[in-house]
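Visitor: Residues per chain, in single letters:
Number of protein chains: 2
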Amino acid sequence: MPRTGVAHPVADGPAAFDVYDTTLRDGAQQEGMNLSVADKLAIAPLLDDLGVGYIEGGWPGAIPKDTEFFARAAKELDLRHAVLAAFGATRKPGVRAFDDTQLRALLDSEAPVVTLVAKSDSRHVERALRTTGVENLAMVADSVRLLVGEGRRVVVDAEHFFDGFRHDPAYARDVVLAAVEAGAETVVLCDTNGGMLPAGIGEVVRDLRAALGTADALTRLGIHAHNDSGCAVANSIAAVEAGAVHLQGTVNGYGERTGNADLLATVANLELKTGRSVLVPPADRPGGLAEMTRIAHQISEVTNIAPFARQPYVGASAFAHKAGLHASAIRVDPDLYQHIDPQAVGNGMRMLVSEMAGRASIELKGRELGFDLAGQDEVLTRVTQRIKDAEAQGYTYDAADASFELLLAEEVSGTRPAYFRVESWRAIVERAGSRGTPATAEATVKLHAGGERIVATGEGNGPVNALDHALRLALQRVYPELAEFELIDFKVRILDAMHGTDAVTRVLIETTDGQTAWSTVGVGPNLIEASWEALTDSAIWGLRNRGVAPR
Amino acid sequence: MPRTGVAHPVADGPAAFDVYDTTLRDGAQQEGMNLSVADKLAIAPLLDDLGVGYIEGGWPGAIPKDTEFFARAAKELDLRHAVLAAFGATRKPGVRAFDDTQLRALLDSEAPVVTLVAKSDSRHVERALRTTGVENLAMVADSVRLLVGEGRRVVVDAEHFFDGFRHDPAYARDVVLAAVEAGAETVVLCDTNGGMLPAGIGEVVRDLRAALGTADALTRLGIHAHNDSGCAVANSIAAVEAGAVHLQGTVNGYGERTGNADLLATVANLELKTGRSVLVPPADRPGGLAEMTRIAHQISEVTNIAPFARQPYVGASAFAHKAGLHASAIRVDPDLYQHIDPQAVGNGMRMLVSEMAGRASIELKGRELGFDLAGQDEVLTRVTQRIKDAEAQGYTYDAADASFELLLAEEVSGTRPAYFRVESWRAIVERAGSRGTPATAEATVKLHAGGERIVATGEGNGPVNALDHALRLALQRVYPELAEFELIDFKVRILDAMHGTDAVTRVLIETTDGQTAWSTVGVGPNLIEASWEALTDSAIWGLRNRGVAPR
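Top to bottom, those sequences are chains P and Z. UniProt numbering puts the first residue of the first sequence at 1, with every later residue one more than the last. UniProt numbering puts the first residue of the second sequence at 1, with every later residue one more than the last.
A couple of the hints might just be wrong.
Remember, identical chains collapse to one label, so a pair may be satisfied in a single copy or spanning two.
Unchecked claim - Pairs of lysine-lysine, DSSO-like flavour, derived with a Cα cap of 27 angstroms:
hint, residue 1, residue 2
1, 75, 388
2, 365, 92
3, 365, 65
4, 75, 65
5, 491, 65
6, 491, 388
7, 92, 388
8, 65, 388
9, 365, 491
10, 491, 446
These are computed hints drawn from the structure, not numbers from a lab. Being a predicted model, the structure only gives us computed values, none of them experimental.
Turn these sequences into a full structure, and let the hints steer you where they fit.
Guide: In structure tokens, the structure reads:
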């Protein structure tokens, strides 16, 4: 719980290596992302858990929400290591720094670190800023000096640096020198348009350092990369390898266009692959890399942007193995098939079941689900064959663990749990009226359970919803445990798109009982029938998982 | 339309630079992806449009679906440039290559190129393959020789090469030499676990080339990267810069775990940033980079994996600029704020705040459909607003031109074409019996057309199929033209996965009359109702397109 009135950490100066998070500022530029002050206040402690050195909170003065964030952060946040940074721009052309209202707002934010964006590409100075190169250098120097004079630590983000250095290296260098000489502690080289490749990044950083001459030793360089060429992580590492000691990025690679450099993958690479120690996790919890997966997912809950399953290190699929080719060897020696131990980043290995899977991966999956199939050759052969046949029909078990477990249980014990016997079901959808009149859906289920014949009718906004309600209503008479089950996801995939509605449909549903979530699959030419299969599997798995015996 | 019995392109040997797509094989290893033979046959021509040199279709012999793919591809696909490659493994230990059934299946596939995966890490040879280093070298040499002797071009994928080379460089080099000496035209260095960084990739490729000595000049090297460290694109480029002339990857970066190197971003970087010309688009259409965005999206429709908005080059957000710092300057000089011209990859710049962009593109789209909206400010404003409202509800018109045209026609003329008036419809799905008994579907439609009240009932294998039949039956009484219409595609997407079956459903259907194909969209909480909307739009558009007047 955040305490109020606590003193923030205010480091006296930069660390040997600075990890600077800009999720709350540059990350929030992402299309469709809209962070409230409360969202930002919820994300900041997670970044602190991760062990970043700096949290760039926004642009106070320019964005009212950000002004409020800094005011509330001072009272409500209790950061252990991370220091807040306010983002802003150098003074306007032809205005004294002291009179620039925007610089004033940065001071008023009371953030101990201020990051100023400065133009470093002479074309941008002329065409976008519409001023002279000389005035731009004065803008940088004056603004930095004002803030440093007021006791702030200043970082300068040299915008469009790489494009600028290639176009006019002397001018780009002069901007860096103006910032450093005025007292900026770090100058961050920004690939603002994101189009660089790693070799070019390394080359420019090395050329700049040579051009700085004796000033190089006094200059701390940083890197701020965007992912437009798909190389933001590699570009950031290339800059660090060329001497940058300050890394900017965003959690989950959020950001405008293709996003910023994913801070998580970059930091994990630096720590696990180049031997640098860059995060400072809090002393009172594991923090750092070991909590990275949790932190990534919690932040995506706040941003309400669905996590990307293939995201390096923290994605749900990042350590999921499907290929049968590898499965037998993974069992012998998982290290041979994983670039790192997934636990190092708080993630876990998963075995997926598929037609490509052989007996070995089924054995492993069985073990994961509590079935010891080692040496049970006959069962393994039967299960492998059944999965191959099922997948040929369109089933997939890699996203339907619960259906797979029922299949496995059936093959091991020889029967399916007999919770109920279906006599019939029917779903009706109708609309009486023209476009605009809503349609109605109703379903009736007749089944036998607990020695009774039960008939139940449910309504819903569609046929599957109505069937779900009817099935639940019918079964609850005998299995009140079902009241807690809730359908939370429903996916439909048409498998053979070339035959229109004659195609085979696969339905995946996810259900929860508040504690566990499970997925089941149904397949058939008829979408409603496929849904029914997944719905009944879901009820059976849920009851079985709770240890309920058939009544 | 695919012709039958066409001769495939069979290049005599490799090009100066080979682009080798493995979407259909390694990409299909992605969690949740399950490509049918029809899916693969639909994707291959899109890869050919892109201009890749090779399409790896699967593993014939090991996976029945893949055996079928190669058989059908030979008859049904008409590739212009791309050559099909079959994937398989080197012979088993202790078996003669000639007797290896799996190698036999590769020959039977009749693919002109065969790609063999071979172990190149001595630890994998011992622990996973459980044989000796010497036997593994013989397995590589024998297998390559057999296939080359049968007239196949052979590529060898050296699995776990980078880890292997670091562990035991002499053995990894010997595997490369064994393959080359036996006649393999290219040896592909695989970062199978995906954990490399670009600097390490460059170093290993250079060290290998030095270790090959005089054999280096005879050896074509390739690269196969995975994205576990978030660097697959950069790693691929690093290998090319170190001398690799064969690039493997997948469209949209599909693949196991974090995916393979995204072929699209890698190729775009190579062409636009390193000046290499690597794609060979067909002569009869723009193809290549200029169609990359369309191709990426069409492939994601087939895989039914939602496109990633932040995907480099082709993502919906890749050139989208949010309000703020840059907006005014972008209008002055877009080149200052984009790493490339988005049209170079068939994408477009979007200003997320500007109403102007919306109106301009609607005007353009209108012109494409035969409506001159220039200067019709009121109509443009109305259409823009209606589309914004519709998209907020879940409609998409990108893939539903016909629905968009009806909307536009309605706003221009003030009415919808009144071919029929629906009184009511009803769909019933029922199953009398337990699991295994087939369900039946029946639909009744009541409508008014040609001065009559018509009631028709259709059956089908599902509710949408039944409704389609009923609607067609009813309308044919008055509009016999409908007899030629056929539903050829039906796609369902659940838009808000967090609310289970309460979510909004979007249905896209495609219809053909034998000459033209058109797509319509329907949206609603009820899948059947959304389908009905798309079905009726389809009938209306088809009749209007044929110049049929309402009767």
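Visitor: Hint compliance check: list the failing hint numbers for this structure, sorted ascending.
Guide: none
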